[in-house]
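Participant: Can you build the whole structure from these sequences, using the hints too?
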Amino acid sequence: MEKMKKGFTLLELLIVIGIIAILATATVLVLNPAELLREARDSQRLSDLDSMKSAISLLLATAINTPELDGAPSADYCATQYFVASSTTAGYYASSSIYQIRPSGVASGTEVTSSSARGVSGGGWIKIDLTKATGGSPIPALPVDPSPASDRAYIFGCDQSALTFELDANLESVRYSTKEGNDGGNNSYWFEVGTDPGLDL
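Residue numbers (our numbering): 7 to 207.
Hint data in this document are derived by calculation from the structure and do not stem from the laboratory.
Take the hints with a grain of salt, since some may be wrong.
Unchecked claim - If you anchor each label on the Cβ, the simulated ranges turn out as follows:
id	residue 1	residue 2	range
1	N71	P203	42 to 52 Å
2	S57	N193	15 to 25 Å
3	T184	K59	13 to 23 Å
Keep in mind it's a predicted model, so treat the numbers as computed, not measured.
Glycine included, C-beta positions come from ideal geometry on N, C-alpha and C.
Facilitator: Here you go:
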């Protein structure tokens with residue numbers, strides 16, 4: 007007797023391919039890779055702000071002499087400037103534009119070079135010499151925002167007379183963006199942490 011050859015028909019193969027395509031599409035829609043990337047960047051931002059807050063707090067608690075939060079021993083620039091850093095630019099800008107800031111599009115301010123923007127000895131985008139903390143700087147370099155977009159940045163504001171400070175970041179994911187309005191600060195468009203009462207620098 008002649009043996010029957012077993013295999014899939016063309017129709018069965020098309021049905022299986024169709025089911026796989028539907029499952030793949032559903033997986034992409036449910037997981038939303040773009041949103042997962044936004045969440046990962048926001049998680050990095052929260053971690054960076056926490057690290058910077060801890061580093062500055064350690065300096066304030068352990069420095070032998072009163073630290074200069076703005077790197078200017080002869081004048082209190084904290085009252086009029088906010089120091090800003092993003093992955094594409096860094097510098098300091100007038101406080102009146104802090105909540106409308108777009109780092110690559112702000113006309114006023116003095117930018118620092120990208121090679122020195124992350125320095126911890128007072129030459130970086132935060133003008134604090136963290137090396138004066140007991141045991142040296144708690145962090146090896148100042149972080150910058152993980153996104154190259156011009157509307158993302160880390161912002162540092164300070165009050166030299168009260169020795170208080172505030173750190174801000176602009177979050178982008180749906181999951182973390184609710185933190186911006188529930189952080190105890192005065193602006194619902196930025197995530198704010200620090201030691202300033204009311205976080206309203």
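Participant: Against this structure, judge whether each hint is valid.
Facilitator: Verification of the supplied hints:
About 24 Å separates the C-beta atoms of N71 and P203, a value inconsistent with the hinted range of 42 to 52 Å. Separated by about 22 Å at the C-beta atoms, S57 and N193 satisfy the suggested range of 15 to 25 Å. Restraint check, T184 to K59: a C-beta distance of roughly 20 Å satisfies the suggested window 13 to 23 Å.
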